[in-house]
Each structure stands twice: as structure tokens, then as C-alpha cells.
Amino acid sequence: MKINIKKELICHIFLIAAVIISLWPVVFMLSASFKELNQIFQSPLNPLPSSPTLENYMTVLGRFPIFDFIWNTFFIAFFVTFFKLTTSLLAGFAFVYYRFKGKELLFNSMLMTFFIPVTVLIMPNYLLISHVGLLNTPYGVMLTELADGMGIFLMRQAMRSIPKALLESAVLEGAGPIYLLRSVVFPLVRPSVIAIGIMFFINSWNEYFWPLLILKDKSQYTLSLALQMFISAEGGSEWGIAMAVAVLTSLPPLILYLFFQKFILNTFMQAGVKG
Amino acid sequence: MNRLSGKGYAFFLPSVLIFFVFYYWPLLVNLGLSFFSWNMVSAKAKFVGISNYIAIIQSPEFYQVVGNTILFIVFLLVFNFILPYFYSYMMAHMLKYGKTIYRSLLFLPSLLSLAVASIIFLWIYNPMAGPVNEIVKMVGGTSPRWFKEPYIVLFSISSIIGWKVFGYNMILLLAAMVSVPREIIEAARLENASDWIIFKKIILPQTSSSAMYVFVITVVFGLQYVMVPVNMLTQGGPDQGSANLVYVIYQYAFVFYQTGKSAAYAMITMMLFTLFLGWRSRVADKKVYYEN
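The listed protein sequences correspond, in order, to chains A and B. Following the UniProt record's numbering, the numbering of the first sequence begins with 1 at its first residue and continues without gaps. Following the UniProt record's numbering, the numbering of the second sequence begins with 1 at its first residue and continues without gaps.
This is chain A alone, in the form it adopts within the complex (with noise of 0.2 Å):
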């Protein structure tokens, strides 16, 4: 194909505007994290710290239980993620394997869940937390998250891939079907599964209105609704501190992509191509 070179340009100076916009936000928290507060107010275009300081998160760490926090939203997104996996797996699973009337249906209504907006959800939720005990505890976070429609559908997609033929084979030398999906089916969509897990897990990490509800005890909170409490001081008098936490937050999920990208972005636009 030959170059436009005008035509190139133009695509260029569109998308370095895009990334300019996109990263920008970002810069900006790592920036201001370590900027004093009286250099946020009087260069808030300058990127650069002109001299750099980690007092803000000095003060994160000695004002506020920041471990716990990190704990706790640690906790909770690994346990959602173990748990979504394992379900996501076992149906989608059953899905490729079994045959049976109303399998559409089945499926239908499972992925339905993913469309269903979560406020609808909220209050009869709670509800039933608060009934059974566990308001204020990360297990009544976790709780509503054990299965995942996306997941299933995503799942389905990746096994629905494996050669019909593999299968078959097996199962005719007398597999079953839990030794046909630990043995055969698993190692070949484990790519799948560990993308899946990421999203999964940066979700849940980044999660903020479900646990708002639940977690009403400092104690309990997640890093998301830490974030809340700096948002009171509207006055402008946290901005650093408030940065520094965000940046805390926002690590786990940037490091991961930094080592999975190829992965995460894979799975990502698998899961755009077949609505």
C-alpha cells in the first residue's frame, strides 16, 4: 500500500491529541502526588515538580490505616476473582460439553444478567445482607460477585475454539467430564482464563458503589471509598494527599497491564467481536 504522506499526518496529529487528552489526567495525579501543596496551586499546568517531594504520602502513610485498606480491597478482589473464575469455567464449560433444551434460554438469561443495571439490584441486595448478618463485613461484598455473565459468555467463546474433534476423541477413550476439563480443556484456554482473571480482578479492585453500601466501618474500607474522604475537604487543602492515594490505587491495576497487556487487550477486543 502506498503512503499518503498528508493523509498520515492528519491521523497522527487526531490521535497524539487523543493521547495527549488521555494521559494527561494521569500525569497530572503522579505530578501532583509529589508536588507541595502551594506548587499544585500556582503551577497547575506544570507537569513537573519543580522540587519533588514525598511528603504526601509520608503523611498517607502516618495519618491514615493505608495497609488496611489496600488489605481489604486486596481481599475482596482476589477472593471475587477465585471465585467468578472457578464458576465462569464450570459452566462455560458445560455449556460447549453438554447438550439439552433449553440451552439457549439458559444461556440467554445468564448473559441477561450483564445488561441489568446494578441499582435495579442495590436495594433488595442489601437487604438481604443486612439480613443474613454480614452488612459491614468484605464476605457481604463478595457475596453478590461469586458468578459473572460476561464471564460465561467470554468462557464459551474460548473453549468453543478447541477443535470439536479433540473432544470427541477423548471422551471416546472414556473421559469424563471433570477429567476433560481439568486435563484437556483447561490448559488449553488457560491465555483466556488469565485474561478473564485480570479483568476480573482490576474490576473489582477499582469497585466502589456495592461496597460503599456495605462498608460503613473505616476499618472496612476499600481504596476506592478511602478516596471519598478527602472529597469533605473540598476547601482544596488535600489536593497532595488526596493525589497520593490515588496513585496507590491506581498501581495494582497499572501494573498488571504493564505485564499483561498483550493479554488484557486480546480479551478485551475478543469480547467487542461476537456481541
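Keep in mind that a hint or two might mislead.
[Unchecked claim] If you only want the chain A side, here are some residues facing chain B, beta carbon under 7 Å, derived:
hint, residue
1, 22
2, 117
3, 121
4, 123
5, 138
[Claimed, not checked] Straight-line distance between alpha carbons at most 30 Å, and here's what the computed DSBU-like set of lysine-lysine pairs gives:
hint, chain 1, residue 1, chain 2, residue 2
6, A, 7, A, 262
7, B, 7, A, 164
8, A, 101, B, 7
Please keep in mind that the hints were generated in silico from the structure rather than gathered at the bench. The beta-carbon is built from N, C-alpha and C at its ideal position, and this holds for glycine as well.
With chain A held as given, fit chain B onto it using these hints.
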């Protein structure tokens, strides 16, 4: 392959249980609660028939909230559907160099949490000394109070979601754009077809099923994402100026403690969403070109 039998049900059981208890049962609970007046704490709930629904439909607030919802949808569609669509086209079919790097960088904001995004933009839009204000001042204007004025607040909130979701949706659309066979486009180019003709006659129809999906998630998820900045930054204000249909459900339950109205709002919203999704699948059946 195999008929579902005893052991097979065990594979579905965990998911079915979770979905029933925490997704479908709550819909029924909501339907029930919507006929009662109850403040969540008192032991007794009073049966009031359909008067919650009537009260909602007769209140000016309902129409304001529906209006806000529509404006949110318009902004979100521009930021998270139309723009990503053109960008993904540009990246797949006009650009030669730098695709992978642009892709990686533009996706990055979607990894950050909405809580983080909200707090960053609270500062970015700070009307006293925030960066946007500085830029407005440089070109000689005065910055509005971004989160405190009617209508402007809808734009400011949507722009936060727009910033976060743009790259994600672009990646979804890019997957569809890339899968349009190159040969068709090359052939059209040989016939001297313009970019516009190629876009309209080849790209648009070939990407329509993915575009439809992104259109739907932009609306359905966008309205839910909006709740995070709304709750953190405006609490639905000024004067319910940034409350949408998804957010009022939360407000009536957990801020005003009127579970009946909350449930009635939930049913109305659910109905509108269902109509929207139903309309989508009808359009999809008729007009959309499915690859494979």
C-alpha cells in the same frame, strides 16, 4: 455432545444459584416493594397499591430526571461511541505507523477506577485554580463552576466517563475494523473509490454488529458509570440537575429512605432498559450485517 444428566447439573448449579438469588429474585422483591410504603427501618410496611408509580409520574422531578438521562446519553454517545468509532476507523484503515503504541496508550485510562477519575477531575475542573480554569483564563474567558451549574454539570460528569471509556470502546471497535477484509478495501481503492465511499459502503455495514454492541454498552453502562462521579462530586445536584434514572433509585432507597418509590423507579428504569435492549435486538435482526 452429551445429554445433560445428573452430574451435569452440578456445573451450572453455582452460577444459577448466584444469578437467581442476587439478580432475578431482587427484581421480584423490587416489584413487590414498589406497591408498599416503607422507610427500611420500621417493622411495618403499608400497602399503597400503585400510588408510588402515580406519584412519580406526576412529579416534575421525574421529567427532569428523564431529561438528564437523555442528555447524559447524548454526551456519552459522542464521547464513547461516535469518537471511538472514527478513531478506530482511522487507526485500522488510514494509519500506517504507530498503531500498537497508540492502542496501548489510549487504553490506559480505562484501567483506573472511577473513584480515582472523579477525584482527578474534581481538581482539573476546580473553578478557582484548576488546570482547565487556567486554560480558560489564558484564552480570556471565565470558567463556570463545572459541577455546580445546571446542564454544564451533565457535560462535566459525562466527560469524566468519556475520558475513562473512550479507549476501551475504541479497542472493541478496532477489533471489528481490523476484521474487515483488506482485499475488499484494496479492490475499492483500485477503482478509485474515495475514503468516504469506502467508509459508507464497506466499513459501516461490515462493522455494524460490533458497533451495535458498543452502542448498547455505551448507554447501559455509561448511565451506571455516571453514578460514581455523581455520588462523589454532586450527590445528584444542583437541585437534582445531575441525577439520572439509575441514580434516583439509589437516592430514594439510601438517601431519602423511601423504598417504595425507589423500587417503583427501579421497575420503571428496568422497563425502559428492557425496551431499549428489545429495540436493539429487533434492529439487529433486521438491518445489521453479521460476520459469519
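Verification of the supplied hints:
1. The interface hint given for residue 22/A holds, since its Cβ lies 5 Å from the closest Cβ of chain B, which is under the 7 Å cut-off.
2. Taking 7 Å as the C-beta contact cut-off toward chain B, the hint placing residue 117/A at the interface holds, the least distance being around 5 Å.
3. At its closest, the beta carbon of residue 121/A sits 5 Å from a beta carbon of chain B; the interface hint therefore holds under the 7 Å criterion.
4. Because the closest C-beta pair between residue 123/A and chain B is about 4 Å apart, less than 7 Å, the hint holds.
5. With a cut of 7 Å, the hint placing residue 138/A at the interface with chain B is violated, because the nearest CB-to-CB distance is about 16 Å.
6. Restraint check for residue 7/A and residue 262/A: satisfied, since their Cα atoms lie roughly 28 Å apart, inside the 30 Å limit.
7. As the CA atoms of residue 7/B and residue 164/A are separated by approximately 21 Å, the hinted pair is consistent with the 30 Å bound.
8. For the hint linking residue 101/A to residue 7/B, the alpha-carbon distance of about 16 Å falls within 30 Å, and the restraint holds.
Comparing the model with each earlier hint shows a violation of hint 5 alone; every other hint is respected.
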